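Given these sequences and hints, build the entire structure.
Listed below are the residues making up each chain.
Number of protein chains: 2
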Amino acid sequence: MNAKSALSTDTTALIQRTPVLAGEDVAAKRREIANWFNATFERYESLFETLENETGFYRKSIPLRHPLIFYYGHTATFFINKMLLTGLIKTRVDAKIESMFAVGVDEMSWDDLDERHYDWPSVSRVRDYRQAVKKLVNKVIASAPLKLPIDWQNPWWAILMGIEHEQIHLETSSVLIRQQQLDYVRKQAQWRPFTQTGQAPENQLLPVTGGTVKLGKAFDDPVYGWDNEYGDHQVEVADFQASQFLVSNQEFLEFIEAGGYEHVEYWTEEGNQWRRFAKATHPTFWVADTSGWQLRLMTEVVPMRWDWPAEVNYHEAKAFCHWQAEKTGKTVRLPTEDEWYRLYDFAKVAELDGHPAEANIHLDYAASSCPVNLFQHGDFYDVIGNVWQWTETPIYPFDGFKVHPIYDDFTTPTYDGQHNLIKGGSWISCGNESRGSARYAFRRHFFQHAGFRYVVSDAPVNVVDSHYETDKMLSEYAEFHYGETYFEVPNFQKTLMEYAIKAMADKPKHKALDLGCAVGRGSFELAREFDAVTGIDFSARLINLGVQLQQRGVIRYTIIDEGELVQYREQHLASFGLSEFADKVSFMQGDACNLKKTYQGYDLIVAANLIDRLYDPALFLQSIHERLNQGGLLVLASPYTWLEAHTEKTKWLGGFKKDGESFTTLDGLHYILDEHFARIAEPQSIPFVIRETSHKFQHTLSEVTIWERKR
Amino acid sequence: MNAKSALSTDTTALIQRTPVLAGEDVAAKRREIANWFNATFERYESLFETLENETGFYRKSIPLRHPLIFYYGHTATFFINKMLLTGLIKTRVDAKIESMFAVGVDEMSWDDLDERHYDWPSVSRVRDYRQAVKKLVNKVIASAPLKLPIDWQNPWWAILMGIEHEQIHLETSSVLIRQQQLDYVRKQAQWRPFTQTGQAPENQLLPVTGGTVKLGKAFDDPVYGWDNEYGDHQVEVADFQASQFLVSNQEFLEFIEAGGYEHVEYWTEEGNQWRRFAKATHPTFWVADTSGWQLRLMTEVVPMRWDWPAEVNYHEAKAFCHWQAEKTGKTVRLPTEDEWYRLYDFAKVAELDGHPAEANIHLDYAASSCPVNLFQHGDFYDVIGNVWQWTETPIYPFDGFKVHPIYDDFTTPTYDGQHNLIKGGSWISCGNESRGSARYAFRRHFFQHAGFRYVVSDAPVNVVDSHYETDKMLSEYAEFHYGETYFEVPNFQKTLMEYAIKAMADKPKHKALDLGCAVGRGSFELAREFDAVTGIDFSARLINLGVQLQQRGVIRYTIIDEGELVQYREQHLASFGLSEFADKVSFMQGDACNLKKTYQGYDLIVAANLIDRLYDPALFLQSIHERLNQGGLLVLASPYTWLEAHTEKTKWLGGFKKDGESFTTLDGLHYILDEHFARIAEPQSIPFVIRETSHKFQHTLSEVTIWERKR
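In order, the protein sequence lines correspond to chains G and Z.
So the first sequence is numbered by full-length UniProt numbering: it starts at 1 and just counts up by one.
So the second sequence is numbered by full-length UniProt numbering: it starts at 1 and just counts up by one.
No lab work stands behind these hints, which were simulated from the structure alone.
Everything numeric in this text was worked out from a predicted model, so none of it was measured.
The hints are all genuine.
The calculated DSS-like cross-link candidates involving lysine-lysine, where the alpha carbons are at most 30 angstroms apart (straight line), are:
id	chain 1	residue 1	chain 2	residue 2
1	Z	K402	Z	K214
2	G	K651	Z	K96
3	Z	K696	Z	K649
4	G	K134	Z	K657
Quick list of simulated restraints, FRET-style, between CB atoms:
id	chain 1	residue 1	chain 2	residue 2	range
5	G	S623	Z	D119	28 to 36 angstroms
6	Z	D659	G	N462	35 to 43 angstroms
7	Z	T91	G	S623	24 to 32 angstroms
8	Z	E564	G	H670	15 to 23 angstroms
9	G	H670	Z	Q131	26 to 34 angstroms
10	G	E269	Z	D659	33 to 41 angstroms
11	Z	D471	G	S623	38 to 46 angstroms
12	G	A13	Z	D659	35 to 43 angstroms
13	G	D616	Z	A39	44 to 52 angstroms
14	G	D616	Z	D128	32 to 40 angstroms
With the Cβ distance kept under 10 angstroms, some of the chain Z side facing chain G (calculated, not the full set):
id	residue
15	D561
16	W652
17	F656
18	K657
19	K658
20	P687
21	S702
By construction, the Cβ of each residue, glycine as well, lies at the ideal position given by its N, Cα and C atoms.
Shown next, in the form of structure tokens:
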């Protein structure tokens, strides 16, 4: 802290921090939560005092989002919806209003304009509604049974979620107000901006020593968190350099004057698309005036604050870095989320406490950014606070991520590689937003009170695929191979491969081939015992999930509960004890009926649930011995579900009358295989279950036969 | 017996009767079976001695069947195939020959000509093959382990089946030889026909007193039988009159001379079709000559035997009856199978024994028909023997019918309403064919050594539907409602209805409505407790199976094992203890979303696995209270498997996000039903399993909610 001492702060006026949810004194906790709720609820209402007139409520600030009237009602409705879900209340306050105010037009893409018309209620009606909700929430806080700690399963989680949700909208609504036409807003004493300004400091790169970053909140952490903060993530961050200050308006001006907005090559492809669509030539809150650049704040336009942070979206920040890189010959880029945390640790930043923050955050000082050299953290400034800082990292789930059951679309829709994390919070980031663990992500073209710091590092940016596989077929296979047990039927691939391995007895176990490997569980299971396993499937999409597990150790997918409602699943190769064997597996796309010559010399070939899905199973079986070593085993598992959709009837191995007698698939297998094989065990049924919905399953018996190559 | 004493018979030359398969002396039984086998095998070969030259073997007798060379080899191959199936032998004798001689072109329709070409082997090659088979079968009979009795499960059943199969072909081949061109056949001493002939007797109707007919062989009966003979059938036959004699050629001539073949109105529609196709103007074995009518026997043409039975197909016999009916004003028709058995009992006919038959049967006398007044049984003649007698009855399975596992297409393909039973046997009917229990059926246009006796009765002809439902959907439902238990999941409809009835407690139980009743098991279960049950389904085809159970007490269907291979199933309402309640059920076709006004005043309405198959489930639920008495219960069971194929997405009750929150089907049910109902129990899952193949099942959890009408 240096310049901070110049600021007047009144500790008693400080906004309460997000509460600890454990403790012994239930009555005190009720009071603390009530205060936290009321202060948040009222501060949110006071924000809308900055709207000059009703037009400010109804005229959209930006076409991509609802008008502010929606957000005014929305945070109240949210309390009702979530409290209904956890049973804290049984009935709605106003079903019509609540239907209208339930879902925001958040997160729309700039090329995805929503032109729906809403017949919004009057401001006073919404104000009355808010009062009714406030009264109800207070009643619940005062009277609902409360058992501490308040954890995910506690019905009270809905109240904390409602409060933190309102904190988010406090910030995002402040941005919308900042984007509203100036005639519709007005200054308010409570929302007075910083006035301090001066010459921007010369920015410089300072070293950050690498180290271990360990992230992820424990599920029994006593402070409220959003789902994306939980789980485990640990990584070694290499040494890097970071700019001492956030990029100031002064520093960003150089980029503009260097023609940064006109040089296509500084922008990513997506960045160029946005730039052209938005016709952007400067930061969105910069206002060109005859007297030069001015700066739009929330409720006013002021002369440009050259030492305040440049507020831009990811694309602008990224273009700036490309320009810097070209200019300096250094590998300039934005930090990753991991690097931001490394800087956080390196600069010894601490969580806020009851004292005024040593940062421009949580509304502790004023309602705007401030000079980039006001709040020091170690050698750096503004590691937290002032404005959010864009990172290179699209948000992704930590290992062990779970969605909270009453808000399953808070984060999951952003696990799409298109929402980048912003870190550190801004001057208006209160509650959870101000915490070190907070993880918020926005589309890269979006504007918040956000700027950036740049880093120089040769370390590659590791983008974690956060995609949840939602394709029904792929998800069903993923759950089939790696998911839960249904009807007490043990995992099919594991059972089958154990059976195959047992049949191998003392035979050499060098190479195994898993034909029709699908998402790969069987291949990994074989790798426990074999030196090398080839997993081949016709479907590259199926194989891809196996490859993901092999490369990243994790896959994520949704499974259908009913209709369009899904559950989120995450599976780790490690949890099956398979990580150490993963490298022995080679996954390849291939056609079992037309395999490349190179696939040979196997000691074991397994074809699980394959033969009745081939277009010409006999073609496959007639030459399969060529790929198997003498004495090697061929293991076939199939429910013999012959369908013309997969195999034309003339190609079925059995399941018809031949010369007047029933000719089973087993007969057909003998007919083809006896030339080179002897069947060495009685057919055995191994069951499997494929989950289609939470109520509907395929329950199948796969007949397993084992054939030893004799000739 | 009267004229029979005039015949020379040599008891020692009598053909052995089909053996008793029980006993203590295994060695003696081997010898008896060996004799029975060899005598049959050799007699069959001797039959082909009546072919003058090889052309007789290769030129088709009639276009609808293979040439005789096929039948010469076929009976030998049959032994091999069936012995392989029961494990009596492990390898084939001649795979190529056996492939060619496996399947006859039996049972084709006259409008279904087969034009395939076969490259038949030489007669001597087939003769050698037969010798090899004969040697092998003798070896098996001499050495295969034998445990008495030989029952269905005994591997030796295959040998008996082979022998009886050859007996059948002895008769059918004798017909084909009789249909072969005269130049290709020759007389043989062993196959000498009757020569006795004279004036035909005047036929007259004699009374047969009605009585109980009890049919169906026990599965532990010690004499070989074909699958269709087993099970239970009991019926009261009313008094009727029957012609004393089989209709003679003389008597049939009157029909011809009365223009019988030209009068369309005497013939059934199918009969007319055949008559036109065949251009028939007289019985097939009648030969017009300048000197008048002559008669084709097996190996020769002789002057017409006017006192021998007319040999015709069903259509000709039926037309004769219509003509007689018109002429006499009496209800003349053919006997039913039941009436034939009543006559058999009434005339005190007995099974053959080691003495010469008191009938022209089993080749005991000569190789042709004989006068219709030669063999007397009570007041009647030829109740058995001489020629087969057409009946009005299409063959159908007795209750408890099972297919024999090594010959599942012996009878089942004829359960199609198009194969009528012939009874009594002919002069060449040996072994099983000569037994009272024998049941053979042929297409109505087919020729055998068959004629008819007519009866006069006002009793309606009860045609039993012998159809095996093979439609996949219908069969799966039938098995779901009435079939086996899979994965130890108890019957769903029974469990659900018991749960519903329990929930009714002391409420009145007058009327229940089973909506989406499918094949009706739930409706019948409700009828245990309710005075009246309405079962409604959209699918008339599904309901039809319920109606069949209600009216006939039995349904039959096939279930898929794998590919096209099926199992035959028969379900009796009685076996579920439901027969006594069946009359309380009314099955109706209807649309749950558009029910007729008349369906109201119910105490219970059950909709099992219905709502997620409706095109507008809300429409259904919104008005369902109108049909329920105050205080009555609505029971909904559904896996909530919403699919756009059944219900467009906008009509789903739940399973989507509504106003941002997960809106389950249960939420949707409350949303609609709370206006008139209170849910009175926690949702409960009841599982069910639908079998698709022997290896593949749908395993589903249906969520059951109970709603009491309050308003």
